[in-house]
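*Asks:* Chain residues, written in single-letter form:
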Amino acid sequence: MSDFTLRATNVYKTFAGPKGSSVAAVSDMSLEIASGEFVALGGPSGCGKSTILLIAGGLLRPDQGEVEIMGARPYEVDAARRASIRAKHIGFVFQQFHLVPYLDALDNVLAPTLARALPGAEDKAMALLEKFGLTDRRHHVPSSLSVGEQQRVALARALLLEPQLLLADEPTGNLDSENADSILDHLAGFAKEGGAVLMVTHDNRAAGRASRSIRMEKGRMPEIVR
Amino acid sequence: MRITFRYTSQLATAAGTSEEAIDIANGTVLVEMLRNLSEQHGPEFSKFVVNDDGHPVPTLVVAVNGTQVDLRDDVSLEDESEVILITPMSGG
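Residue numbers (our numbering), protein chains in the order written: chain A, 1183 to 1408; chain B, 4 to 95.
A hint or two may mislead.
What the hints assert, rightly or not - With a Cα cut of at most 16 Å, we get these calculated EDC-like pairs of lysine to aspartate or glutamate: (1) K1201/A x E83/B; (2) K1270/A x E1344/A; (3) K1201/A x E23/B; (4) K1201/A x E47/B.
Said to hold, decoys possible - Far from chain B by the CB rule (all over 10 Å, computed), these chain A residues: (5) G1202; (6) A1216; (7) S1217; (8) E1219; (9) G1247; (10) E1248; (11) A1299; (12) A1303; (13) L1311; (14) T1317; (15) E1360; (16) G1371; (17) H1384; (18) G1390; (19) R1402.
These are computed hints drawn from the structure, not numbers from a lab. The beta-carbon is built from N, C-alpha and C at its ideal position, and this holds for glycine as well.
Let the sequences and hints guide you as you build the complete structure.
*Replies:* So this is what it looks like as structure tokens:
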């Protein structure tokens, strides 16, 4: 079993481009993230960083290479087992919050239990809402929450099933600096408590909050910033 | 042109497959394809993809060729594009 929460080895991914061309989104990428690490992946638009997040999340099969999540290899099993690996080990946070508009904050946090049972789910959801300063907002629908509150609800939803790995794609992209700091604090806190975070961001300030920052260029990771 | 669609979690269950390649007319935009797929796969699929008014549901995450797209934009597809439909509420 791998000692790493996430290990990707010699991963390649190419997409079809305009007029029959092809675009190498990721070339010979290797990445390891251990429990307790908060890793930021930066780089210019189109450099392949979001592709890596999808591959790491068991959502996009690479053309070549291996991916392990908590020792499980999502691309060597069938789709149902791959979905089970995702649900068991991974939480996702996106730039837009993707909350259900007609559910209140509490029920949005509980939404993952529609697909996977979780004993004590409501108590866990309430504990997350309290942790994120949303107890008083639990019965508000997304349209009556601030954008910062909506992203904290989305983060609570991602954490409900107690994942070991959190994958975040530009999680502060729609937030002002105060709310961005709050989300980054919570991501750092998740890592400090033993989780692993891979955050894609084009924001150098957000990347500066990570314990390790990697800058990609044209599908490669030439530069380990720190 | 030929587009590959990949589905996660409840979408794969509802579609009965986690992946399918579909031939579509040149110039078809992504939202049109989401409506077509919803009609094809029925209400259990559609409820995670488009509203009754044909707009994408707010919980749907879509990535085209490895990059998340904003469904408020007219997203065009190229031949051999890979489109992933994700329901974030179920951990993907």
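*Asks:* Please verify that the nearest CB of chain B lies beyond 10 Å from E1360/A's CB.
*Replies:* holds, 24 Å
*Asks:* Check the non-interface label on G1390/A: least C-beta distance to chain B beyond 10 Å or not.
*Replies:* holds, 23 Å
*Asks:* Between the alpha carbons of K1201/A and E83/B, is the straight-line distance 16 Å or under?
*Replies:* holds, 10 Å
*Asks:* Examine each Cβ of chain B, and state whether all of them lie more than 10 Å from the Cβ of L1311/A.
*Replies:* holds, 16 Å
*Asks:* With d taken as the least Cβ-Cβ distance between A1299/A and chain B, does d exceed 10 Å?
*Replies:* The claim holds: A1299/A sits with its nearest Cβ about 12 Å from chain B, beyond 10 Å.
*Asks:* Quick check for students: does the CB of E1248/A sit more than 10 Å from each CB in chain B?
*Replies:* At roughly 18 Å from the nearest Cβ of chain B, E1248/A sits farther out than 10 Å, so the non-interface label holds.
*Asks:* Take a quick look at R1402/A and tell me if its Cβ sits farther than 10 Å from every Cβ on chain B, holds or violated.
*Replies:* Label holds. Min Cβ-Cβ 15 Å, cutoff 10 Å.
*Asks:* Between K1201/A and E23/B, does the CA-CA distance stay at or below 16 Å?
*Replies:* violated, 22 Å
*Asks:* Is K1270/A close enough to E1344/A, meaning Cα to Cα at most 16 Å?
*Replies:* holds, 8 Å
*Asks:* Decide if the proposed pair is consistent with the structure: K1201/A and E47/B, CA atoms, cutoff 16 Å inclusive.
*Replies:* Distance ~36 Å between K1201/A and E47/B Cα, so the pair is violated.
*Asks:* Can we trust that G1247/A is non-interface, i.e. its beta-carbon lies farther than 10 Å from all of chain B?
*Replies:* Check passes; 14 Å lies beyond 10 Å.
*Asks:* Checking a non-interface call: every C-beta of chain B should be farther than 10 Å from the C-beta of T1317/A. Is that right?
*Replies:* holds, 21 Å
Hints 3, 4, 5, counting from the list given before, are not met by this structure.
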